[in-house]
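Enquirer: Sequence:
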Amino acid sequence: QRLRDQIKTWISSNDIKDKRALMDARKLIETKMEQFKICEKETKTKTYSKEGLAREEQLTPEEQAKADAESFLQGCIDRLAVQ
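Taking this note's numbering, the leading residue of the sequence shown gets 10, the next gets one more, and so forth.
Check each hint, because a few of them may be wrong.
No more than 25 Å apart at the CA atoms, straight line, and that leaves these computed lysine to any residue pairs for SDA-like [what the hints assert, rightly or not]:
hint	residue 1	residue 2
1	Lys17	Lys28
2	Lys36	Trp19
3	Lys46	Arg35
4	Lys75	Thr52
5	Lys17	Ile47
6	Lys50	Glu72
7	Lys41	Lys75
8	Lys50	Leu12
Just so you know, these hints were derived from the structure itself, not from any lab.
Using the sequences and the hints given, assemble the complete structure.
Expert: And the structure:
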């Protein structure tokens, strides 16, 4: 947060001509701040709250990929068994 405010100050200053690098750094800091906010929210969610219980029902991308692979392989095994 402090770095973002410092970069905003530098961007508004007329001393610096090429502000593209500062804008890129600011965008990077803001995206990292958003990622941290999401991570912090997930870690602070209580296990047995409504939101926590709803999140348990959802599959993570890794679990979803694993489930897709298992169903694909099971389909292949079933087709081979029929032959």
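Enquirer: If a hint holds in the structure, say so; if it doesn't, say that too.
Expert: Here is what the structure says about each hint:
Taking the CA atoms of Lys17 and Lys28, the gap is about 10 Å. The hint holds against a cut of 25 Å. For the hint linking Lys36 to Trp19, the alpha-carbon distance of about 14 Å falls within 25 Å, and the restraint holds. For the given pair, Lys46 sits about 16 Å from Arg35 by alpha-carbon distance, which is consistent with the 25 Å threshold. Of the pairs offered as hints, the one joining Lys75 and Thr52 holds, with about 24 Å between alpha carbons and a cut-off of 25 Å not exceeded.
The hinted pair formed by Lys17 and Ile47 meets the criterion: a straight-line CA distance of about 23 Å does not exceed 25 Å. Between Lys50 and Glu72, the direct Cα distance comes to roughly 21 Å. Compliance with the 25 Å bound is thereby established for this hinted pair. For the proposed pair Lys41 and Lys75, the alpha carbon gap of about 28 Å is over 25 Å, so the pair is violated. With a C-alpha separation of about 22 Å, the suggested pairing of Lys50 with Leu12 holds against the 25 Å cut-off.
The structure shown violates just one earlier hint, number 7.
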